[in-house]
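**Q** Fit the two chains together into the complex; they arrive one by one in their own frames, and the hints show the way.
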Amino acid sequence: MSAVQPEERLAAALARLILDPSAPPARHIAVGAASPIPAAACWLAAKSGHPVRLSLLHKRSGNPFTEGSRELFDLTGQGRIDLFFLGGGQIDGQANINLIGTGEWPGAGVRFPGSFGSAFMYLMTPRTILFREEHSPRVLVPRVAHVSAPGVSPPEVFRRGTAQALVTGRCVFRFDPALARFMLESAHPGESLASIRAETGFDFDAPAEVPVTPDPTSAELALLRGPVCDEMLETYPEFCGRVFSRAEVA
Amino acid sequence: MTPSSLEALAASVPDGALLALPPDNSLPSVALAKALVRRGARGLRLLGVPVSGFATDLLIGAGCVAEVETSAVSLGEAGFAPRFSAAVRAGSITVRDATCPAIHTMLQAAEKGVPFMPLRGVIGSDILAHRPDWRVVQNPMSVAPDPILVVPALHPDVAAIHAVMADKEGNLWVGRRRECATLAHAARRLLATVERVVPGNLLEDERLAAGTISATYVEAFAVAERGAHPVALLDEYGFDAAYVAAYARAARTEEGFRAWAEEHVFGRAASARAAAE
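Going down the list, the sequences are from chains A and B. Numbering of the first sequence is given in my numbering, commencing with residue 1 and proceeding in unit increments. Numbering of the second sequence is given in my numbering, commencing with residue 1 and proceeding in unit increments.
Excised from the complex, chain B in its bound form (with noise of 0.2 Å):
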């Protein structure tokens, strides 16, 4: 598999795509975040898995987000998402809550086939009555009363990770974090950023097999260095919480997150549009 750039991996990505990333701990792509807030992505439809964090607040104060689905929006230490809390208060974006095992298990419905999927709890939360696609249903292998949900399988259009790395098939290294394995496995194109390639077959090397997702599921990949970044990935770097800070802070209003993204997006400092203006 040809490596590909950074800026034509967001540019395969339509507007108005069901697009699944991962949480802050586990290796989304923010890269490719900010490569679609460059290339004015609208109408995205982002998918927590089963959080959303830094990249989501980014893309949604960009403009770039029509619905989210998640279990929760937040910065971690940083405190809330500003830019997701100023949209929800706007009504500029629609929200549909969920919780955290039911995402896992709606993807895990899609890879394995299965057009649904039960899970335990949920039944008296307030979720279940704004999901009209989740249901209650008796528990057939029961004869006592058993009601139990059952959520339908979810397939994303495209899934965005950052890898640690990748070999020359496309297959990808994600060390323990596996859980991106089934987001692979559900998601109808997978795009990944890496740090580096290397040389060889991640999949011959039976240490590395375990922590690596077989090209079957990789549609593209690009390089793209400190891919995760503000968000640590694996043991190759940490999360960088002065950064995230400095950004909750800006993003608090609308001018700050501006100001913010022209500097951090689009590489323009503010000494140099001082200049130009």
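If we strip away everything but chain A, and leave its shape as in the complex, we get (with noise of 0.2 Å):
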């Protein structure tokens, strides 16, 4: 079997953060929009049998949603849904996600798309596993330029949950909100706490021995290049493409 790529060993970190035993359970977990790794984590976690609901926003053939974002939107105020992936283009270190763009409201600096749904998702989701690819001072800042979504709230403020955990391309935090702050957890491969520390703008807690983040198991590489990516050829072609060597059947 062909070298681990990097995006197939952040699908099964994501898929044991899914999975993982103590955090409240995952029956049914929503991927919105461009999220390729989160979704192809998903489908690992539900392809290695565990009973677990998909709902993929930007499915095309058999989306599961008959009233569009909307209805994905009313199902999370039910409670309905039990995990949501989230992204920045800045994460601070207490976990606050900014969507919006570096200097002057709305972006004058640099814009980032926008909020999206994560100022409502956030606080109405009982997990949140925050996922960026780039780690870099740039993107993990000590205080975001502004808060698209926060990561703690104070107490009157009606809540389910916030971040399980922030991974990126060179590790796993765990996040705690009682401290508002992260814990290393794991380091990828070639990474160590000084080469993370060095990329990270915000002050993190790690254990004395930061562990490796483990690579995915042969068992874990053959469904994700075989029935995951069947799963993910329609809506990503170019990642399915790029990751997995596939190219779409027309």
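Among the hints, erroneous ones may be present.
To be verified - To spell it out: a stretch of chain A is covered by chain B in this simulated footprint if at least three of its residues, at any positions, have a beta carbon under 8 Å from a beta carbon of chain B; those stretches are:
no., stretch
1, 3-9
2, 118-127
3, 155-167
4, 187-197
Honestly, the hints are just simulated from the structure, not real lab data. Ideal placement from N, C-alpha and C gives every residue a C-beta, glycine not left out.
**A** Right, here's the structure in full:
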């Protein structure tokens, strides 16, 4: 079997977080726009035999919603979505995310696409996994320029959950909402605590010995390159071609 | 209802109108957006329902837009929307940032005919600080402190969608994209382009009725084959990723955008232009 792609390692790491027995159960997971690696992680969990319902907002044929994204938000409001993924142009050490931009509002420096549903989903979903491949001081900042969605809220504000973890191209962080701080959980191969500190703009906690993020098992790789890719080909042809070397069948 | 023409639909959208467009996966009328560029529309206020994509970037690039209210503007796998980004940098458009469920909720309030609706979440987002029209109030049903967001009803002047088919009555079939019905209910005027006109009455077919928007809400429609292109249309045709990627590359610069629009909106090929010059 050919070498593990970084995207495959990230998908396997996300799948382990999805299935974490210490977290609230993920019976129904929703995946939003332009999220091929989180989608691969969800399919990996499902194809590994775990009974998880997946609602992929951007699936074209057989889209799960008959009222578009409105139904996704209503489902989440009802408490029927257990886990969602969010990213950010900037993410800070209190797990605030910024999808607006830098510089003066609304992003006179660099404008990001916009907040999507994050300001709602982050508060209304029991579990959020933050995911951003780029791990650099420009993305992981001490304090976001603008808050699209806050990592923690005052006690009187209705909130079902917050970040479980932040997964990047260099490592996996756990989030502790009581402390509003990240803890380094594992470093991907080739990274160390020092290399991660150098590329992280915010302060975080770390264990004395930092574990290495495990590679996907050969069974996981076979699933990713086979049935997971089959499911993703229509929505993410470019990703499937690049990562799994699979071209779309016309 | 007699089918109209695409250019007549575009002519009926006044400069300065609040124009609602669905996102790239939910039946936007790209054909009407291109016709608005051809008619030289100005000062449009665009509403992304709840986000914005290809048609919005095109209208901004062509100088048709004064303001965008949306939860995000993106070209999907082709990346950031280049003309939107340039316009924000230049300060040539006003952006009113929202978050997706707030836009749906504002339209749902409009379709119910109530002045506002509450929505959970959002508190703690900086979006709120920039939306004086959104308020946080105490939940009147609770004795415990429970702040909750209320958002006002929003009635777009015009909504533009591309449906698969219309019947002779003017009923439109949108399949599973029933969120377009909420937009139709909330908007003061619904203009639609369609792939084709079919005989009979869609509402008399039990299997099609649920995916049908009643002609009650439809002001006018025109036939525009492949009117959603390059966006996907249900199971009729897929997303044209190569077309959007080529647009994204060209539209990185103002000149590139103009050349692209000359060819793909005005139908003047580069070679013909060269010959004329």
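**Q** Three residues or more, CB to CB closer than 8 Å: is that satisfied between the stretch 155-167 of chain A and chain B?
**A** As far as the stretch 155-167 of chain A goes, the hint holds, because 3 residues have Cβ atoms under 8 Å from chain B.
**Q** Check whether three or more residues of the stretch 3-9 of chain A sit with their beta carbon closer than 8 Å to a beta carbon of chain B.
**A** violated (count 0)
**Q** Three or more residues of the stretch 187-197 of chain A near chain B by CB distance under 8 Å?
**A** violated (count 0)
**Q** Between the stretch 118-127 of chain A and chain B, see if three or more residues pass the 8 Å beta-carbon test, and mark the coverage as holds or violated.
**A** Our answer is that it holds, as 7 residues pass the Cβ test (under 8 Å) against chain B, meeting three.
Consistency note: the structure conflicts with the earlier hints numbered 1, 4.
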